[in-house]
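Participant: Chain A is fixed; fit chain B onto it per the hints.
There are 2 protein chains.
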Amino acid sequence: MVCEILSVGTELLMGQVANTDAQYISQRLSALGISVYRHTVVGDNVGRLDEALATALSRSDFVITTGGLGPTEDDLTKETVAAHFGLKLIQDEASLIHIRDFAERAGKVMTDNNLKQALIPEGSIIMPNLNGTAPGCIIEKDDKTVAVLPGPPSELKVMFENSLYPYLQKKSGQTLISRYLHIFAGESIVETQLMDLFHLGTPTLALYCSTAETTARLSVMCGMDEDPSPVLDPVENEIRRRMGDALYGEGLTENLPHVVLSLLKERHRKVSFAESCTGGMLASALVDQPGASDVFDESYITYSNEAKQRLLGVNPATLARYGAVSRACAQEMAQGARARSNADYALSVTGIAGPDGGTPEKPVGLVYIGFADKNGAFANEFLFKGDRTDVRTASIKNALNLLRLALLNDNDR
Amino acid sequence: MVCEILSVGTELLMGQVANTDAQYISQRLSALGISVYRHTVVGDNVGRLDEALATALSRSDFVITTGGLGPTEDDLTKETVAAHFGLKLIQDEASLIHIRDFAERAGKVMTDNNLKQALIPEGSIIMPNLNGTAPGCIIEKDDKTVAVLPGPPSELKVMFENSLYPYLQKKSGQTLISRYLHIFAGESIVETQLMDLFHLGTPTLALYCSTAETTARLSVMCGMDEDPSPVLDPVENEIRRRMGDALYGEGLTENLPHVVLSLLKERHRKVSFAESCTGGMLASALVDQPGASDVFDESYITYSNEAKQRLLGVNPATLARYGAVSRACAQEMAQGARARSNADYALSVTGIAGPDGGTPEKPVGLVYIGFADKNGAFANEFLFKGDRTDVRTASIKNALNLLRLALLNDNDR
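Sequence lines, in order, name chains A and B. Position one of the first sequence corresponds to residue 70 (my numbering), numbered consecutively onward. Position one of the second sequence corresponds to residue 70 (my numbering), numbered consecutively onward.
For reference, chain A alone in the conformation it holds in the complex (with noise of 0.2 angstroms):
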C-alpha cells in the first residue's frame, strides 16, 4: 500500500510549528510496513487544498489529512474532502453530544461555530476525537482511501492509536517489527564496529546518534503471526556481543536516566548529586523518571566556590590551588556529597560550559565528573564540543553512564 500525508495549515507554512504531525504518522506508518512517499503541506486554501488531494489521489492508494478540523471559517479540510467525492455532509449526533459535553468539562458554552465540527461527509467511518471536539472520519471510495485527522498532536495522536492504526493494521496484513539498541559510545565508533551487518539486506540496520549516544535499529517485515526472532535474534546478539557493556538498554522509548534509575531500584542503591555547571540539571534528569524517590533523597548545586566549601567540604586549599574546575575539586565534591547526603554513590560535575568563562590552559567545554562510593573517589576529565546546552547535555549522560557502569559491577547485595 502506498500512501501520502497531506497536512492543510498556514501555521506549518509560515513555520510556527514543525510538521510532527506527518512525522509521527510516517513513523506509525512505517511500523505496519505502509511505504509513505510523499508529504505535502499546503495552507488554509480550498483551491490549494482540493489540487493537492486530487493530486495526491492520482498518485496514491491512500491519503492521510491532517488539520483543518478547527471550528473557524478557515478550517475547510472536511468539506473539501467531502466535495472531492461527491459527498455530503451530513450531522452526526453522537459527534454533537460529545462536542457539548467536551465544551461543558472544559467550563465552556458549546458555541455555533463547534456545530459545523459535527457534520461527516455521509458513509464515512467516524473517529472519535478523545482529546478535543472535532472528530475524524475515513472515507473509502473508487478503490481510494483518505483518513481526515485533526492538527494538534494531542488529538491526532489518540484517535491515531485509537481508530487508524487498528484500521490499517487490518487492512495491510503485515507489519515491520524492529528492536531499538542504546549504546552508549558515538556514531562513527558503533558505526565502524558494526560495518558488516549493514549489508546482510534482512534484517534492515540502521544507526540513530544523539548526544554521546547512538541507537541502533534492526527491522524486518513479517506477516501478522509470524515470529521474527530467528531473524532478529542472531543479529542482536552480535552486536551485543561486539558492544559489551556501551549496550545499555532496548525499546524505543528507553534511556539512560531510566537504565539508571532501574539498576539503583535493583541493587537497592542511592545516589546523591554534586553539581556546578550543570545547575541541576543532572539531578532533574533522574527526577524526571516516576519513582526517583526510591533511590534518590537529595542533591547540592554549588556553583560558588564558597558553597562547595560550606556544603560539600570542599578543601579551600584545594580551590586555590587547581581552581574549582580541575579533577581534585571535582572528587572532593563527590566525596562531600556522599558523606553528606548518606548515599551509596555520588556524581559531581564541575566545567565550563561557555560561553564565556575559557581560558588558554581551561578550555569551554572542559569537564570534570567525579564518582565517589564505598571504595574510594575519582574524577575523570573530558573536553565537550558544543553550545552552553551540548556540553551541560553532555556531561550529565556522562556521568550517569559512569554510575551505570559501577552499577553493572556492584553485585555486593
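If you're looking for bench data, these hints aren't it; they were derived computationally from the structure. Each hint can be trusted.
A pair counts as met if it fits within one copy or between any two copies, since identical chains are not told apart.
Below 16 angstroms or equal to it, Euclidean Cα-Cα: the simulated EDC-like pairs (lysine to aspartate or glutamate) are:
id, residue 1, residue 2
1, 177, 260
2, 339, 375
3, 334, 479
4, 177, 256
5, 443, 479
6, 240, 130
7, 240, 230
8, 239, 209
Facilitator: Quick look at chain B alone, frame taken from chain A:
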C-alpha cells in the same frame, strides 16, 4: 514572490526526524514577506524528486531544496536539479579545498565520495558550507530560481543566514517587521483582553502559547528603508497598557529565566532554590543562562522528608501534620533555603508531579510554591494539568514569575 520548499530525504518519510528545515526556512522567508505556498517531502528517489521539482517550478518562481547533498550514492539533489535545467556539473576548486581542510580538521582523510560534493551545476552561485563539507548553490534560469541547501540543520541554518537570506533580501526589496511580546498568562485570557486588536488589519496580531505563557506577535510589511514604528508603536503601547506586569519581555528569543536573571543582576540580588518534585529543574533553568554565577551561589534538592529537615530545617511537626506537599512545608523550605544560602530571595517547590502518588485530597498536579525574602515568607497553591513534565514545567515557570514580580517591586537598592 511565491516560493515552495522541496525537502529530500527518506529519513523524513520514515518519520525519523521532523522537517524542521522547512519550518526554519519558512519562518525566515515570512520575515522577508515571501509567501510559501507549499512544502513537499520526497525520498531519496530520482524519479519522484525530478517530478516534484518540475511540478514545483511549474507553479512557483522560486524553489528551495533541502537535503540530498551528502557523499553517498543516494544523495542526488544537485545531480537532479542540474539535469532538470540541462546544466553540466563542474568541479569547484574552492569547494574541493574546503572539503579537504574540513576533513583534516575533523581528523579524517577526504574520501573519493567527498569529491562528488565539490561538483556544482555550471554557472550557479556557490553557497559555502561553514559547518560541513557539501556546498549549496543557487541556479537562475528562465525566470526560475532554485536554491539547493544541505539537510543537516546546523549546516542549513548557517548557509541560509550567510548566503541565501542576503540574496533573497536584495531580491524581494521588502521585509516583514515583527515584534514579540511575552506575557505570563494563558492564551484565552490574552485573547479575550486583546480581542479588538485582532481586527486592525495593519499591523497583524497573532498569539502563540506554551506552558503558562503566551507570546503576542505584531507584524507589518515594510519597504527596505521604511520605519515601522508609526504603525507598531501605538498597538504595542496599548498591549503593554492592558497586560501590565503580566508582560515580561520582548524579542523573538526572550524567555522567563533570562528576564529573571537580568532583573537579579540589575538589582544586585541573589537567589537560592529548594526543590522537591522539580528535582533541580528550576535551578537548571537559571543556570542554562550564561552569567548565572553573578546571581546564584547554591541550591538544594530535597526529595526525602529527612533531607527537607536536615538540609533546610523544615520542622518535623510540619511534615507530620500537613505532609511534604503542603503550604506550610513549602514556606519552611523557602525560609530554610534563604537562611542557609544567605541569598536575598529563595523559592521552593513541593508537589505531586505524577503519574503516581496522587490521592483524592492531594491529586496529581497539586503544587505549592514557596517564596522568602527579607520581609518574610509565604506559599501559593497551584493545581496544574498534564503529565509529569507539564506539571514540573508549569511549576518552574510559576516560581520564576513569582520572583520576577517581587523583583519588579524591589527598589530598595
